[in-house]
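*Asks:* Listed in order, the protein sequences are those of chains A and B. Our numbering numbers the first residue of the first sequence as 12 and each following residue consecutively. Our numbering numbers the first residue of the second sequence as 12 and each following residue consecutively.
Derived by calculation from the structure, the hints in this document are not laboratory data. A portion of the hints provided could be inaccurate.
Claimed, not checked - With a Cα cut of at most 25 Å, we get these calculated PhoX-like pairs of lysine-lysine: (1) A:Lys-101 - B:Lys-374; (2) A:Lys-241 - A:Lys-181; (3) A:Lys-79 - A:Lys-41; (4) B:Lys-527 - A:Lys-553; (5) A:Lys-301 - B:Lys-527; (6) A:Lys-336 - B:Lys-301; (7) B:Lys-116 - B:Lys-32; (8) B:Lys-301 - A:Lys-527; (9) A:Lys-351 - A:Lys-336.
Computed from a predicted model, the values in this text were never measured in an experiment.
There are 2 protein chains.
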Amino acid sequence: MKIALAQLNYHIGNFDYNTNKIIEVLNQQKKLGTHLVVFAELSVCGYPPRDFLEYPSFVEMCDKAVQKIALASTGIACIIGSPAKNPLPKGKNLFNAAYFIANGKIRATVKKALLPTYDVFDEYRYFEPAQQFDCVDFMGYKIALTVCEDLWNMGDNPLYTTCPMDELIKQQPHLMINIAASPFNYTQQKTRKAILQQNCQKYNLPLFYVNQVGAQTELIFDGGSTVLDKNGKTLAQLNYFEEQIQVFDFENMGLAFADVTETPTTATEQIYHALVLGIRDYFQKSGFTKATLGLSGGIDSALVCALAAEALGADNVLAVLMPSKHSSNHSIKDAEDLVKNLGCKSITLPIASIAQTFEDILKPAFNNLPQNIAEENLQARSRGVLLMALSNKLGYVLLNTSNKSETAVGYGTLYGDMCGAIAVIGDCYKTQVYQLCDFINRDKEIIPQNTITKPPSAELRPNQKDSDSLPDYDLLDKVLFHYIEESKSAQEIMALGYPEATVSRILNLVNNAEFKRYQTPPILRVSPKAFGMGRRMPIVCKYLV
Amino acid sequence: MKIALAQLNYHIGNFDYNTNKIIEVLNQQKKLGTHLVVFAELSVCGYPPRDFLEYPSFVEMCDKAVQKIALASTGIACIIGSPAKNPLPKGKNLFNAAYFIANGKIRATVKKALLPTYDVFDEYRYFEPAQQFDCVDFMGYKIALTVCEDLWNMGDNPLYTTCPMDELIKQQPHLMINIAASPFNYTQQKTRKAILQQNCQKYNLPLFYVNQVGAQTELIFDGGSTVLDKNGKTLAQLNYFEEQIQVFDFENMGLAFADVTETPTTATEQIYHALVLGIRDYFQKSGFTKATLGLSGGIDSALVCALAAEALGADNVLAVLMPSKHSSNHSIKDAEDLVKNLGCKSITLPIASIAQTFEDILKPAFNNLPQNIAEENLQARSRGVLLMALSNKLGYVLLNTSNKSETAVGYGTLYGDMCGAIAVIGDCYKTQVYQLCDFINRDKEIIPQNTITKPPSAELRPNQKDSDSLPDYDLLDKVLFHYIEESKSAQEIMALGYPEATVSRILNLVNNAEFKRYQTPPILRVSPKAFGMGRRMPIVCKYLV
Numbered sequence: 012m013k014i015a016l017a018q019l020n021y022h023i024g025n026f027d028y029n030t031n032k033i034i035e036v037l038n039q040q041k042k043l044g045t046h047l048v049v050f051a052e053l054s055v056c057g058y059p060p061r062d063f064l065e066y067p068s069f070v071e072m073c074d075k076a077v078q079k080i081a082l083a084s085t086g087i088a089c090i091i092g093s094p095a096k097n098p099l100p101k102g103k104n105l106f107n108a109a110y111f112i113a114n115g116k117i118r119a120t121v122k123k124a125l126l127p128t129y130d131v132f133d134e135y136r137y138f139e140p141a142q143q144f145d146c147v148d149f150m151g152y153k154i155a156l157t158v159c160e161d162l163w164n165m166g167d168n169p170l171y172t173t174c175p176m177d178e179l180i181k182q183q184p185h186l187m188i189n190i191a192a193s194p195f196n197y198t199q200q201k202t203r204k205a206i207l208q209q210n211c212q213k214y215n216l217p218l219f220y221v222n223q224v225g226a227q228t229e230l231i232f233d234g235g236s237t238v239l240d241k242n243g244k245t246l247a248q249l250n251y252f253e254e255q256i257q258v259f260d261f262e263n264m265g266l267a268f269a270d271v272t273e274t275p276t277t278a279t280e281q282i283y284h285a286l287v288l289g290i291r292d293y294f295q296k297s298g299f300t301k302a303t304l305g306l307s308g309g310i311d312s313a314l315v316c317a318l319a320a321e322a323l324g325a326d327n328v329l330a331v332l333m334p335s336k337h338s339s340n341h342s343i344k345d346a347e348d349l350v351k352n353l354g355c356k357s358i359t360l361p362i363a364s365i366a367q368t369f370e371d372i373l374k375p376a377f378n379n380l381p382q383n384i385a386e387e388n389l390q391a392r393s394r395g396v397l398l399m400a401l402s403n404k405l406g407y408v409l410l411n412t413s414n415k416s417e418t419a420v421g422y423g424t425l426y427g428d429m430c431g432a433i434a435v436i437g438d439c440y441k442t443q444v445y446q447l448c449d450f451i452n453r454d455k456e457i458i459p460q461n462t463i464t465k466p467p468s469a470e471l472r473p474n475q476k477d478s479d480s481l482p483d484y485d486l487l488d489k490v491l492f493h494y495i496e497e498s499k500s501a502q503e504i505m506a507l508g509y510p511e512a513t514v515s516r517i518l519n520l521v522n523n524a525e526f527k528r529y530q531t532p533p534i535l536r537v538s539p540k541a542f543g544m545g546r547r548m549p550i551v552c553k554y555l556v
Numbered sequence: 012m013k014i015a016l017a018q019l020n021y022h023i024g025n026f027d028y029n030t031n032k033i034i035e036v037l038n039q040q041k042k043l044g045t046h047l048v049v050f051a052e053l054s055v056c057g058y059p060p061r062d063f064l065e066y067p068s069f070v071e072m073c074d075k076a077v078q079k080i081a082l083a084s085t086g087i088a089c090i091i092g093s094p095a096k097n098p099l100p101k102g103k104n105l106f107n108a109a110y111f112i113a114n115g116k117i118r119a120t121v122k123k124a125l126l127p128t129y130d131v132f133d134e135y136r137y138f139e140p141a142q143q144f145d146c147v148d149f150m151g152y153k154i155a156l157t158v159c160e161d162l163w164n165m166g167d168n169p170l171y172t173t174c175p176m177d178e179l180i181k182q183q184p185h186l187m188i189n190i191a192a193s194p195f196n197y198t199q200q201k202t203r204k205a206i207l208q209q210n211c212q213k214y215n216l217p218l219f220y221v222n223q224v225g226a227q228t229e230l231i232f233d234g235g236s237t238v239l240d241k242n243g244k245t246l247a248q249l250n251y252f253e254e255q256i257q258v259f260d261f262e263n264m265g266l267a268f269a270d271v272t273e274t275p276t277t278a279t280e281q282i283y284h285a286l287v288l289g290i291r292d293y294f295q296k297s298g299f300t301k302a303t304l305g306l307s308g309g310i311d312s313a314l315v316c317a318l319a320a321e322a323l324g325a326d327n328v329l330a331v332l333m334p335s336k337h338s339s340n341h342s343i344k345d346a347e348d349l350v351k352n353l354g355c356k357s358i359t360l361p362i363a364s365i366a367q368t369f370e371d372i373l374k375p376a377f378n379n380l381p382q383n384i385a386e387e388n389l390q391a392r393s394r395g396v397l398l399m400a401l402s403n404k405l406g407y408v409l410l411n412t413s414n415k416s417e418t419a420v421g422y423g424t425l426y427g428d429m430c431g432a433i434a435v436i437g438d439c440y441k442t443q444v445y446q447l448c449d450f451i452n453r454d455k456e457i458i459p460q461n462t463i464t465k466p467p468s469a470e471l472r473p474n475q476k477d478s479d480s481l482p483d484y485d486l487l488d489k490v491l492f493h494y495i496e497e498s499k500s501a502q503e504i505m506a507l508g509y510p511e512a513t514v515s516r517i518l519n520l521v522n523n524a525e526f527k528r529y530q531t532p533p534i535l536r537v538s539p540k541a542f543g544m545g546r547r548m549p550i551v552c553k554y555l556v
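Just chain A, same shape as in the assembly (with noise of 0.2 Å):
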């Protein structure tokens, strides 16, 4: 039996586009004898569909789909995912679904059983669990064919109270296929791989797992698909963040491809080919081509512009050089040093006189008051004014520069330099930055050094320093990471050992800043928990600190 993982990147809501793809990799597949073609979770629909799923004819657009597919099957077999409709009364109406397709029709219509409904996901919105258990029959062989999480139900404190290959083994099936939908963050890959070989070895069952690949706005999905055997040893390896198909003979596991060794890559090196990937498929999938950011000599829009210029090409990226008159002769020449080293367009418009022009117009409502961060915010908002006024005149994409650390304690200005479409690196904290670009810089220098070695600054006052309000990066990034993507109290970080005002200071300024972050651009998700849809914090409340 010759499967052939089909590692693909989906288009959400775009049935034609999805469907000929699949379609052209089975008529290839047909014609190189392969006998059952996998490809991933909702492939029909691409994932995450969202509250498409409560549009009824998008529910027939995929069940259209479906059959357009199993038509086109025949001589061949394959997997693929869409929504199914719940026949019962009572429950949800759909299930999210494996069909499992062969020689033109509808062999087997398995249901997802866990589902994922925390951090991003929200299945349980949409899906009812499916409570029954059935191996699928192929070519002699006994199918477990699950999806997704269903293989995900692992350890001392499991999130779910049925466990799907439970049940399914006891049908003694020959193997597992599981197709899945599962985004990657810098600890996904090995997390993933660890809980797919407890499944081969709980099981003494080889796994055939298709992922999907892919950027879908603030979600990045990195594929990785790969064969293990029943002992959890792997036996093929696709490629990460990239489309890929691979054909494996079942018959013959652990000969053709016995000598797969996976090269480790550093999370950063991960990160980057994730921003890459996510700003690549925010324009392409939405129709852009050119973008433009501002370029302040900083360090974070620094690393945008490059990743922007790998993504789409250096010609399509216009950056905006904006100095103000706390702006230092410093930032001007390092802009100008990146976009000579990157061969992007550049244009400079300063923003003195319009921030002179507001200041003189609320001179009277002002009241001489003393200067504040009005004033800064003026700045900034005067850029983002200039920026979105480029956008919508020449037809850019603004790119959103904000980083995570700036992002968790409220260091941006709402409608200023949180200005943009997508917030490239949004979740990656300041000292994650240095690495990326260290990482960009690994053979010769494209961003300049002097912009990788000076402090910090948003340079909204004279001498600005980030340093004068917020603590050091690396102390701050710390306390962040234990409270946000730890989950853990006030009392816990300051029992770490961190100073009890500085923890008391950073979370408070995380908590005050939510009602910013509720309006801020989805942000390219590379952690466990990152900003946006997989961090529901209420905005009116009080917060513990």
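With the hints as your guide, set chain B onto chain A.
*Replies:* Just chain B now, kept in the frame of chain A:
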């Protein structure tokens, strides 16, 4: 058995406040000889606590508050809502529970079985559903105690496969008590009463129902706690939109309150009270007192200004008039008339010089391209910057004035008129905006008649009218309602008799504005389907139209 319904307004995460409030009521009721006081769902921490529940320290605070309330309930019994830890290793770590406390001790912990996970609700994100059902014995009565959604699994196509009351009824209870956190929308009071009545009739039992009251950011809880007899007849009806406590003698059902009749109110009147409460609680619970907004002379900002004056007092509202070269004379006069009628404060900041300064700086970049949306947005964004500067300098909180029709079709400027901390009328269609103004003017003219009768205009270019770019609001709002509230497809809407081109155009506008809505402020929810967390659409995707 004397039962008190305690319909209170809680502050999420404010354990001292909530606990003291509950204990105060218990002490009062002890003196009155009440036997059992019923509080709302998750009353201890406030509803919805969202991802606070992922912080173990938060759950500890809940437990401590429950203990404190238990200690205070000597000589009386109460039902409070709080999360309860799941002692079993399998499944989610928490239950959404009703604690039955009597004479200082927790007598029962009743767990919620039906976990709403649709629209604005995310309960399966946090909670394990109950699998076991037991009545609570108290003073010789068997009480079927349930939590909110547990009573809502009615009809021919129920959302859940289990029905808690079908289990509890087997134990032959004498009455039902339900503690709830059921948010307002303009259809909810009728729907809710009907569901509660159906339960009484189906199980032939009286029902004591306690809902919370008060706004929690975008969700507005309207209270409306009630007592129904076994026929579903209303024996007691607590007020909507305010705190109230009422004691009811269970042995004298149908006597003392036999003449309760509900005064029907219109949807418009309900929405009015909801929005006033929504603004008031946003400010009170955040510790703010003063609001500002841009007052254009148009109907949307006039309505928000009137609502804010009612909620916060006219003294606390600063209306900002920001005429441009395209503003008509009547706009300024209409705005000034409203300020006079309300007695709020106002200032005038003309924006022509700012817009001009922006255009001058952008001239080389704009490269003589024709005027377009870019110049219009410059004006809207200049206003946004001025309003935020006043907010930053003077401590006013900016109210957003976008209505649902324009939010739907993207007829608004991101970082311009889409700025604000809370979108007051973002869930009211333009046609509802008119109805609300008529309601406000029911006794005397508060909103100037000219504001109501003149054709709507954004006044961003000479002689602009909304009707240049959009269908008439009567038609637009109907099509939007079919698409957004009813999840109908373009084909289904056309089949209702709307012109094909108009429907396509409107749906395309809605879909293309998804990226804008992602960055909109939280919207006070008054409809069954508001933009925000209740409608989660993909951004990068291909929409069906």
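*Asks:* Each hint should be assessed against the structure and marked as holding or not.
*Replies:* Hint check results:
no. : hint                  : result
1   : A:Lys-101 - B:Lys-374 : violated (63 Å)
2   : A:Lys-241 - A:Lys-181 : holds (17 Å)
3   : A:Lys-79 - A:Lys-41   : holds (17 Å)
4   : B:Lys-527 - A:Lys-553 : violated (29 Å)
5   : A:Lys-301 - B:Lys-527 : holds (19 Å)
6   : A:Lys-336 - B:Lys-301 : violated (33 Å)
7   : B:Lys-116 - B:Lys-32  : holds (19 Å)
8   : B:Lys-301 - A:Lys-527 : holds (19 Å)
9   : A:Lys-351 - A:Lys-336 : holds (24 Å)
Comparing the model with each earlier hint shows violations of hints 1, 4 and 6; every other hint is respected.
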